[in-house]
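Asker: So you can see what is in the structure, the chains are spelled out below.
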Amino acid sequence: MILLRLFWEFFKTGLFAVGGGMATLPFLYSMAEATGWFTAAQLADMIAVSESTPGPIGVNMATYVGFTVAGIPGAIIATLGLIAPEVIIILIIARVLQKFRQNKLVDAAFYGLRPCSVGLIAAAGLLVVKVAMLHVDLYFQTGRLAELVDWKAILLAAVLIVLTRWVKKTKKLHPIFFILGSALVGVVLSF
Amino acid sequence: MKKLWRLFLAFAKVGVMTFGGGYAMIPILEREIVDRHGWASSEELMDYYAVGQCTPGVIAVNTATFIGYKVAGLLGGVVATLGVVFPSLCIITLIAGVLTHFADIPQVKSAFAAIRVCVCVLIFNAVLKLWKGAVKDKGALALFLLVFILSIFLDISPVFYVLVCAAAGILFTRWGVRGK
Numbered sequence: 001m002i003l004l005r006l007f008w009e010f011f012k013t014g015l016f017a018v019g020g021g022m023a024t025l026p027f028l029y030s031m032a033e034a035t036g037w038f039t040a041a042q043l044a045d046m047i048a049v050s051e052s053t054p055g056p057i058g059v060n061m062a063t064y065v066g067f068t069v070a071g072i073p074g075a076i077i078a079t080l081g082l083i084a085p086e087v088i089i090i091l092i093i094a095r096v097l098q099k100f101r102q103n104k105l106v107d108a109a110f111y112g113l114r115p116c117s118v119g120l121i122a123a124a125g126l127l128v129v130k131v132a133m134l135h136v137d138l139y140f141q142t143g144r145l146a147e148l149v150d151w152k153a154i155l156l157a158a159v160l161i162v163l164t165r166w167v168k169k170t171k172k173l174h175p176i177f178f179i180l181g182s183a184l185v186g187v188v189l190s191f
Numbered sequence: 192m193k194k195l196w197r198l199f200l201a202f203a204k205v206g207v208m209t210f211g212g213g214y215a216m217i218p219i220l221e222r223e224i225v226d227r228h229g230w231a232s233s234e235e236l237m238d239y240y241a242v243g244q245c246t247p248g249v250i251a252v253n254t255a256t257f258i259g260y261k262v263a264g265l266l267g268g269v270v271a272t273l274g275v276v277f278p279s280l281c282i283i284t285l286i287a288g289v290l291t292h293f294a295d296i297p298q299v300k301s302a303f304a305a306i307r308v309c310v311c312v313l314i315f316n317a318v319l320k321l322w323k324g325a326v327k328d329k330g331a332l333a334l335f336l337l338v339f340i341l342s343i344f345l346d347i348s349p350v351f352y353v354l355v356c357a358a359a360g361i362l363f364t365r366w367g368v369r370g371k
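From first to last, the protein sequence lines are chains A and G.
Residue numbers for the first sequence follow this note's numbering, beginning at 1 and rising by one.
Residue numbers for the second sequence follow this note's numbering, beginning at 192 and rising by one.
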């Protein structure tokens, strides 16, 4: 029964992939080898699509693989398999957390955890900057500093910073407007 | 029932608007969950991200389960999670079935190159906002710098930072460093 197997494979992935979407990748590679459901080249296509569509990347990957293996039922089953273990684990933690929220020790731990979260998010953001605004490979090939920066991207970022932080009229707009606006700019100026 | 439906819709919206995975959804979550529905505070969201770093799975899903549970119990956790994955299911199925070369279209590539720039700016704004809430004394500043700098240069699992910082939080509080 392929749907059952699909659920089980993604259940395992969901259970062991710690640290967000990209953490599912190594599991998918070994799944490709173990089951023969899809090839490594197909997986590369799936990653590209998952990154170029809205939604969490891990979930997109599960849906794509599930669909490739067994159509729409496969897409649903693989996605449910992926999220089942985390939903169970988080529900247990949420329950415990609610009970001990007022506990001094828990409060002290979270006092340390908040700057940790911000640090991790900031570092992850920097990684996106590297991909989105710098040509690191090109710089190493040519060694010219001017080649390191993607000027179009920097200019767009500067405009966006001004619009999201300083201009009173646009500051309060929903983030999706900026995302869609940028997409449009990207197409028109062929980023 | 109405509450569950609102949870589902709100998280489906977050799912649709999250481009680029993981932390890209922080600005959207802030807007939808904190500002619009008031289901959680910025600080609570940060707590959930920290817990999400140590538990398996996708961070978007973890956060949805947490907030759903807080708002409407067990069923709320399940419904919010289904909401956040629902758009992915529809969009990916459509693309996988019809547009097999979707990611190779030049316009799609251009659009996403620009969206990535936008996501950088949105994350930058979110970090500044979160920073104000999280880094209020010297101890917290030290932990922020430690995690930020080490995670740029070293490839260690985030679980390590989370454990160290939880322990540091407890010790700092005990030693009376907190609030100075």
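If you're looking for bench data, these hints aren't it; they were derived computationally from the structure.
Bear in mind the structure is a predicted one, so any value in this text is a computation, not a measurement.
Wrong hints could be hidden among the right ones.
With a straight-line cut-off of 30 Å between C-alpha atoms, the simulated DSBU-like cross-links for lysine-lysine are [unchecked claim]:
#1 G:323 with A:171
#2 G:300 with G:261
#3 A:168 with G:194
#4 G:261 with G:327
#5 G:300 with G:193
#6 A:12 with G:204
#7 A:104 with G:371
#8 A:171 with G:204
#9 G:320 with A:172
#10 A:104 with G:320
#11 G:371 with A:171
#12 A:99 with G:300
#13 A:12 with G:261
#14 G:327 with A:172
#15 G:261 with A:130
#16 A:172 with G:371
#17 A:172 with G:300
#18 A:169 with G:193
#19 G:320 with A:130
#20 G:323 with A:169
#21 G:371 with G:300
Asker: Given the hint that residue 300 of chain G pairs with residue 261 of chain G, does the C-alpha gap stay at or below 30 Å?
Answerer: violated, 39 Å
Asker: Take the C-alpha atoms of residue 172 of chain A and residue 300 of chain G, compute the straight-line distance between them, and say whether it is at most 30 Å.
Answerer: holds, 28 Å
Asker: For the pair we were handed, residue 99 of chain A and residue 300 of chain G, check the Cα-Cα distance against 30 Å.
Answerer: violated, 47 Å
Asker: Holds or violated: are the alpha carbons of residue 104 of chain A and residue 320 of chain G at most 30 Å from each other?
Answerer: holds, 26 Å
Asker: Compare the distance between the alpha carbons of residue 300 of chain G and residue 193 of chain G with 30 Å, and conclude whether the hinted pair is satisfied.
Answerer: violated, 40 Å
Asker: Under the criterion that the straight-line Cα-Cα distance not exceed 30 Å, is the pair residue 323 of chain G, residue 169 of chain A satisfied?
Answerer: Between residue 323 of chain G and residue 169 of chain A the Cα gap is close to 23 Å, so the pair holds against 30 Å.
Asker: For the pair supplied as a hint, residue 12 of chain A and residue 204 of chain G, confirm whether the alpha-carbon distance does not exceed 30 Å.
Answerer: holds, 28 Å
Asker: Taken at face value, is the distance from the CA of residue 204 of chain G to the CA of residue 171 of chain A at most 30 Å?
Answerer: This hinted pair holds, its Cα atoms lying about 21 Å apart.
Asker: Given the proposed pairing of residue 261 of chain G with residue 327 of chain G, does the C-alpha separation stay at or below 30 Å?
Answerer: holds, 26 Å
Asker: Checking one constraint from the list: CA of residue 169 of chain A to CA of residue 193 of chain G, max 30 Å. Satisfied?
Answerer: violated, 34 Å
Asker: Check whether the Cα positions of residue 371 of chain G and residue 171 of chain A lie no farther apart than 30 Å.
Answerer: The given pair, whose Cα atoms are some 33 Å apart, is violated under the 30 Å limit.
Asker: Are residue 172 of chain A and residue 371 of chain G close enough, with their CA atoms no more than 30 Å apart?
Answerer: violated, 34 Å
Of the numbered hints given earlier, the model fails hints 2, 3, 5, 11, 12, 15, 16, 18, 21; all others are met.
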